[in-house]
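Chemist: What follows is each chain in one-letter form.
Number of protein chains: 2
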Amino acid sequence: MSLEGLSINFATVRQGGDFGAIVDACLAHGITAISPWREQVHGVGLAEAARIVERNGLRLSGHCRGGFFPAPDAEGRRLAIEDNKRAVDEAAAMKADCLVLVVGGLPAGSRDLKGARQMVEDGMAELLPYARAAGVPLAIEPLHPFYAADRACFNTLKQSLDLCDRLGSGTGVAIDVYHVWWDPELEEQVARAGRNGQILAHHICDWLVPTTDPLNDRGMMGDGVIDLKAFRAMIEAAGFHGPQEVEIFSHRWQARPVDEVLATVVERFKTVC
Amino acid sequence: MSLEGLSINFATVRQGGDFGAIVDACLAHGITAISPWREQVHGVGLAEAARIVERNGLRLSGHCRGGFFPAPDAEGRRLAIEDNKRAVDEAAAMKADCLVLVVGGLPAGSRDLKGARQMVEDGMAELLPYARAAGVPLAIEPLHPFYAADRACFNTLKQSLDLCDRLGSGTGVAIDVYHVWWDPELEEQVARAGRNGQILAHHICDWLVPTTDPLNDRGMMGDGVIDLKAFRAMIEAAGFHGPQEVEIFSHRWQARPVDEVLATVVERFKTVC
Numbered sequence: 001m002s003l004e005g006l007s008i009n010f011a012t013v014r015q016g017g018d019f020g021a022i023v024d025a026c027l028a029h030g031i032t033a034i035s036p037w038r039e040q041v042h043g044v045g046l047a048e049a050a051r052i053v054e055r056n057g058l059r060l061s062g063h064c065r066g067g068f069f070p071a072p073d074a075e076g077r078r079l080a081i082e083d084n085k086r087a088v089d090e091a092a093a094m095k096a097d098c099l100v101l102v103v104g105g106l107p108a109g110s111r112d113l114k115g116a117r118q119m120v121e122d123g124m125a126e127l128l129p130y131a132r133a134a135g136v137p138l139a140i141e142p143l144h145p146f147y148a149a150d151r152a153c154f155n156t157l158k159q160s161l162d163l164c165d166r167l168g169s170g171t172g173v174a175i176d177v178y179h180v181w182w183d184p185e186l187e188e189q190v191a192r193a194g195r196n197g198q199i200l201a202h203h204i205c206d207w208l209v210p211t212t213d214p215l216n217d218r219g220m221m222g223d224g225v226i227d228l229k230a231f232r233a234m235i236e237a238a239g240f241h242g243p244q245e246v247e248i249f250s251h252r253w254q255a256r257p258v259d260e261v262l263a264t265v266v267e268r269f270k271t272v273c
Numbered sequence: 001m002s003l004e005g006l007s008i009n010f011a012t013v014r015q016g017g018d019f020g021a022i023v024d025a026c027l028a029h030g031i032t033a034i035s036p037w038r039e040q041v042h043g044v045g046l047a048e049a050a051r052i053v054e055r056n057g058l059r060l061s062g063h064c065r066g067g068f069f070p071a072p073d074a075e076g077r078r079l080a081i082e083d084n085k086r087a088v089d090e091a092a093a094m095k096a097d098c099l100v101l102v103v104g105g106l107p108a109g110s111r112d113l114k115g116a117r118q119m120v121e122d123g124m125a126e127l128l129p130y131a132r133a134a135g136v137p138l139a140i141e142p143l144h145p146f147y148a149a150d151r152a153c154f155n156t157l158k159q160s161l162d163l164c165d166r167l168g169s170g171t172g173v174a175i176d177v178y179h180v181w182w183d184p185e186l187e188e189q190v191a192r193a194g195r196n197g198q199i200l201a202h203h204i205c206d207w208l209v210p211t212t213d214p215l216n217d218r219g220m221m222g223d224g225v226i227d228l229k230a231f232r233a234m235i236e237a238a239g240f241h242g243p244q245e246v247e248i249f250s251h252r253w254q255a256r257p258v259d260e261v262l263a264t265v266v267e268r269f270k271t272v273c
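Which chain is which? The protein sequence lines are E and Y, in order. Here the UniProt record's numbering is used: the first residue of the first sequence is 1, the next is one more, and so on. Here the UniProt record's numbering is used: the first residue of the second sequence is 1, the next is one more, and so on.
Hints were generated in silico from the structure; no laboratory data involved. Cβ atoms here follow ideal geometry from the backbone N, Cα and C, with glycine treated the same way. Each hint should be verified, as a subset may be incorrect.
Facing chain E, from chain Y, some residues (calculated, C-beta under 10 Å) [unchecked claim]: (1) Arg51; (2) Phe68; (3) Ala125; (4) Pro129; (5) Tyr130.
Listed below are the simulated DSS-like cross-link pairs for lysine-lysine, each with C-alpha atoms no more than 27 Å apart in a straight line [stated by the list, open to error]: (6) Y:Lys85 - Y:Lys95; (7) Y:Lys229 - E:Lys229; (8) Y:Lys229 - Y:Lys270; (9) Y:Lys158 - Y:Lys114; (10) E:Lys114 - Y:Lys270; (11) E:Lys229 - E:Lys270; (12) E:Lys158 - Y:Lys158; (13) E:Lys158 - E:Lys114; (14) Y:Lys95 - E:Lys158; (15) Y:Lys95 - Y:Lys114; (16) Y:Lys95 - E:Lys270; (17) Y:Lys158 - E:Lys114; (18) Y:Lys229 - E:Lys114; (19) Y:Lys229 - Y:Lys158; (20) E:Lys85 - E:Lys114; (21) E:Lys158 - E:Lys270; (22) E:Lys95 - E:Lys85.
Covered stretches of chain E (chain Y as the covering partner; in silico rule of three or more C-beta atoms under 8 Å from a C-beta of chain Y) [claimed, not checked]: (23) 188-201; (24) 232-244.
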């Protein structure tokens, strides 16, 4: 099985040093698709990161991440837009497939979930012309409802795709199995996204039972309860054939050597994905 | 403000001793609606529990709990039905408003979420004639998607109400703010449930930011991000005027004296609910 369909989100191996060091580790395992985080790009500088990407013929399945649009006041929301424009610039310079958006949750002190959702819609609408001009698709990543308050108030595919429909071209979704595997409407919404060309990324990991930490106990593929082969078949049936991007936030795996993590990822990718 | 609209789920004060002791603590605070758990009823025996309920004119806003229908084999599913019938008997003996169902998650070793959901539907269909004959409404409690794998594979109001519609009379939902507050379709589904007389219970607590434990870090009303007054207004607009049942699974509150917990519950009920 070729590893062309495998991408490594750098959160999975953030213990591996700077941008260049993580790229080298990926290449050593035959992996040529990546998805870095902004601070890792900033660490070496955008120009150097883009050179590394080009020199090694790497594909960016996404750039992580923009978003966090809600803020208590207009100035906070304006600053968020400005920061998102820089993220768009970075994604463009590295020719990323998309800019992944973790859209943000409730502003500090707020209980107004609807208001926060409106701030996301307004923020994306303002950012979108800039992203279109740069040729960078914006990928809403619906996050698991567990994160509705503090990370992303878009929590289902349907809700996110409805927003994409309102915003129009240049928008879509990043479908992470961890966030959506439980959704009773998963199949119909994935099919809908595919029909409309709105699947921009496919992230994988696994859901552990029990999950002991809400943030950092995601599982390695095969160690949990998600039927990953069936999930991928559904994604491909919907017309998306881009890489499966491995994004594992895990205290356990972060404590292991990067080479061990990547070797395990490759083995699991070949057997259970 | 009268406390008639306030019910205490015994999980909130499980440190308070046996069934009778917890009832006494509730009465001391003017609380006359309760929702006990089966093991607390079994602890004193059903006949004694029913006597305590009758003698004190208590209202049971629910009996906790039936459910857990999925199992790896037919014998396991049959045993679950039998156990649920006993739970129906208990609810009937104590004249509970409903039997609350935590329907169960994936059978051990399974990744077949659809199959588990079918087992729930089949189990409820089998239990329902018995419950109808006993005059005990079955309340599906859609649980937060965080619990889809190990506690309940029904995770939204829409999904649960669709099942109620298929099953027919004698079924409805227990709407717990903790599990559904994030749902983008909350308003329309609450209204739908109200139109069809399917709201059987309303549970309250709060969602803390951050939530540090997936199971036992629910918040006291007012300490989190849920707009409880707006939520209750929505429930009443849908036609449900039964008690607000306080169910707080929390290591923090379980470590406090029962009188302190109940005094806090009463104060918050009067101010933020």
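Chemist: Each hint: holds or not?
Modeler: Checked hints:
1. Arg51: 39 Å, violated
2. Phe68: Violated. Min distance 15 Å.
3. Ala125: 18 Å, violated
4. Pro129: Violated, about 26 Å.
5. Tyr130: Violated. Min distance 27 Å.
6. Y:Lys85 - Y:Lys95: Since the Cα atoms of lysine 85 of chain Y and lysine 95 of chain Y sit roughly 15 Å apart, the hinted pair holds (cutoff 27 Å).
7. Y:Lys229 - E:Lys229: 44 Å, violated
8. Y:Lys229 - Y:Lys270: Since the Cα atoms of lysine 229 of chain Y and lysine 270 of chain Y sit roughly 11 Å apart, the hinted pair holds (cutoff 27 Å).
9. Y:Lys158 - Y:Lys114: Holds - the C-alpha atoms of lysine 114 of chain Y and lysine 158 of chain Y are around 16 Å apart, at most 27 Å.
10. E:Lys114 - Y:Lys270: 25 Å, holds
11. E:Lys229 - E:Lys270: 11 Å, holds
12. E:Lys158 - Y:Lys158: 13 Å, holds
13. E:Lys158 - E:Lys114: Status holds; Cα separation ~16 Å.
14. Y:Lys95 - E:Lys158: 40 Å, violated
15. Y:Lys95 - Y:Lys114: 34 Å, violated
16. Y:Lys95 - E:Lys270: 56 Å, violated
17. Y:Lys158 - E:Lys114: 19 Å, holds
18. Y:Lys229 - E:Lys114: Satisfied, since the Cα-Cα distance of roughly 15 Å is no more than 27 Å.
19. Y:Lys229 - Y:Lys158: Holds, at roughly 22 Å.
20. E:Lys85 - E:Lys114: 25 Å, holds
21. E:Lys158 - E:Lys270: 31 Å, violated
22. E:Lys95 - E:Lys85: Holds - the C-alpha atoms of lysine 85 of chain E and lysine 95 of chain E are around 15 Å apart, at most 27 Å.
23. 188-201: violated (count 0)
24. 232-244: violated (count 0)
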